[in-house]
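Enquirer: For reference, the chains in residue letters:
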Amino acid sequence: MGDETADDDIPEQLSPAAAADDYEPDPRFSFANERTFLAWMRTALGLITAGLAITQLLPPFDMPGGRRLIGLPLIAMGTVIAVVSLRNWTANEHAMRRGLPLPRSPLPRITAVVVTIVAVIGVILVLVEGRGS
Amino acid sequence: MSAHVPGRRPYGPPDGSFPYGPDADRFLEESPTPGLAGERTDLAWNRSGLALLACGIAVAKGLKFPISEPAHAVIGVIILVLGVFTWSMGHWEARKRRRNGHDREVAGFSDLAPVAYGTAAVGVAAFVLALFFPG
Chain A
1 MGDETADDDI
11 PEQLSPAAAA
21 DDYEPDPRFS
31 FANERTFLAW
41 MRTALGLITA
51 GLAITQLLPP
61 FDMPGGRRLI
71 GLPLIAMGTV
81 IAVVSLRNWT
91 ANEHAMRRGL
101 PLPRSPLPRI
111 TAVVVTIVAV
121 IGVILVLVEG
131 RGS
Chain B
1 MSAHVPGRRP
11 YGPPDGSFPY
21 GPDADRFLEE
31 SPTPGLAGER
41 TDLAWNRSGL
51 ALLACGIAVA
61 KGLKFPISEP
71 AHAVIGVIIL
81 VLGVFTWSMG
91 HWEARKRRRN
101 GHDREVAGFS
111 DLAPVAYGTA
121 AVGVAAFVLA
131 LFFPG
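Chains as they are written, first to last, in our numbering: chain A, 1 to 133; chain B, 1 to 135.
Treat the hints with caution; some may be incorrect.
[Stated by the list, open to error] If you want the ones that stay clear, here's a sample from chain B, every Cβ over 10 Å from chain A, calculated:
| id | residue |
| --- | --- |
| 1 | Ala-73 |
| 2 | Val-77 |
| 3 | Trp-92 |
| 4 | Lys-96 |
| 5 | Arg-98 |
| 6 | Arg-99 |
| 7 | Val-106 |
[As the list claims (entries may be wrong)] So the derived list for chain A, only partly shown, Cβ under 10 Å to chain B, looks like this:
| id | residue |
| --- | --- |
| 8 | Pro-27 |
| 9 | Arg-42 |
| 10 | Pro-60 |
| 11 | Gly-71 |
Just so you know, the hints here were simulated from the structure itself, not pulled from any lab data. Think of the CB as a built atom: it goes at the ideal place given N, C-alpha and C, for glycine as much as any other residue.
All chains should be built: construct the whole structure from the sequences, respecting the hints.
Expert: Given below as structure tokens:
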């Protein structure tokens with residue numbers, strides 16, 4: 001995002017022939033785009049399932065709301081990924097059909113930052129566990 | 001340009017050139033079909049459907065959240081249906097591609113959007129659940 005190539009006239013619905021001056025990209029690139037989308041969907045689902053398991057199945061931490069502190073960001077991240085990855089797929093398909101450079105996605109960086117922060121919070125929660133009693 | 005699927009324009013711009021570098025024509029002649037890219041994509045659909053099915057079973061059978069007893073079964077079954085839908089979508093796309101001459105058929109926005117929005121809806125439901133009903 002914020003890239004000149006990801007211009008804001010990305011069509012809402014990308015039909016097989018989106019515009020007259022579009023052309024069919026090599027199908028292998030479209031397949032790779034589709035697989036990337038599906039991989040992001042599985043990542044989203046993994047984050048949501050992990051967040052649910054943390055809040056529902058883990059025994060509570062000493063700190064009140066500790067499970068939700070690490071579970072909710074994971075679920076929120078998964079939800080954001082599900083929506084943004086569809087947008088990324090559309091933007092990539094659009095760029096390939098116009099012969100433009102592929103737009104850069106902020107999603108890998110955001111995911112890495114969120115998972116790292118959650119992991120650090122998780123480590124802190126485990127380390128302080130039992131100190132108060 | 002070889003292997004043009006009837007009803008679809010050949011890939012590449014209308015003037016017959018290919019946009020991905022000067023060696024593109026040779027590149028195309030050396031690999032005129034998508035090869036195993038479609039099969040890899042079918043397998044990715046398969047994995048995605050199975051992941052949803054696993055999530056649905058976990059919600060239906062594993063979670064103990066204090067709404068009503070049938071509530072989590074209902075939510076689990078909804079996720080299971082989404083999983084079956086995703087898996088069938090992949091299976092259907094794969095069958096379409098296996099038919100002769102359709103090995104270039106790729107998914108469109110309307111194929112992917114239900115999976116994306118369905119997963120997002122599961123995420124919103126999970127967020128509400130985790131926020132207000134921690135186990």
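Enquirer: Give a verdict on every hint.
Expert: Results of checking the hints against the structure:
Every CB of chain A is more than 10 Å from the CB of Ala-73(B) (nearest about 15 Å), matching its label as outside the interface. Taking the minimum C-beta to C-beta distance to chain A, about 16 Å, the non-interface status of Val-77(B) holds against the 10 Å cut. With a least beta-carbon separation of about 14 Å from chain A, Trp-92(B) lies farther than 10 Å from that chain, consistent with its non-interface assignment. Every CB of chain A lies more than 10 Å from the CB of Lys-96(B), the least distance being 13 Å, so the non-interface label holds.
Against the 10 Å criterion, Arg-98(B) stays outside the reach of chain A, whose nearest CB is about 14 Å from its own CB. At the 10 Å boundary, the C-beta of Arg-99(B) stays outside the reach of chain A, the nearest C-beta of that chain being 15 Å off. Its closest Cβ contact with chain A, about 4 Å, brings Val-106(B) to no more than 10 Å, contrary to its assignment away from the interface. Checking Pro-27(A) against chain B: minimum C-beta separation of about 4 Å stays under 10 Å; hint holds.
Using the Cβ-Cβ criterion of 10 Å, the hint placing Arg-42(A) at the interface with chain B is satisfied: the shortest such distance is roughly 5 Å. Hint status for Pro-60(A): holds, given a least beta-carbon distance of 8 Å to chain B, under 10 Å. A hinted interface residue such as Gly-71(A) counts as satisfied when its beta carbon comes closer than 10 Å to some beta carbon of chain B; here the least separation is about 5 Å, so the hint holds.
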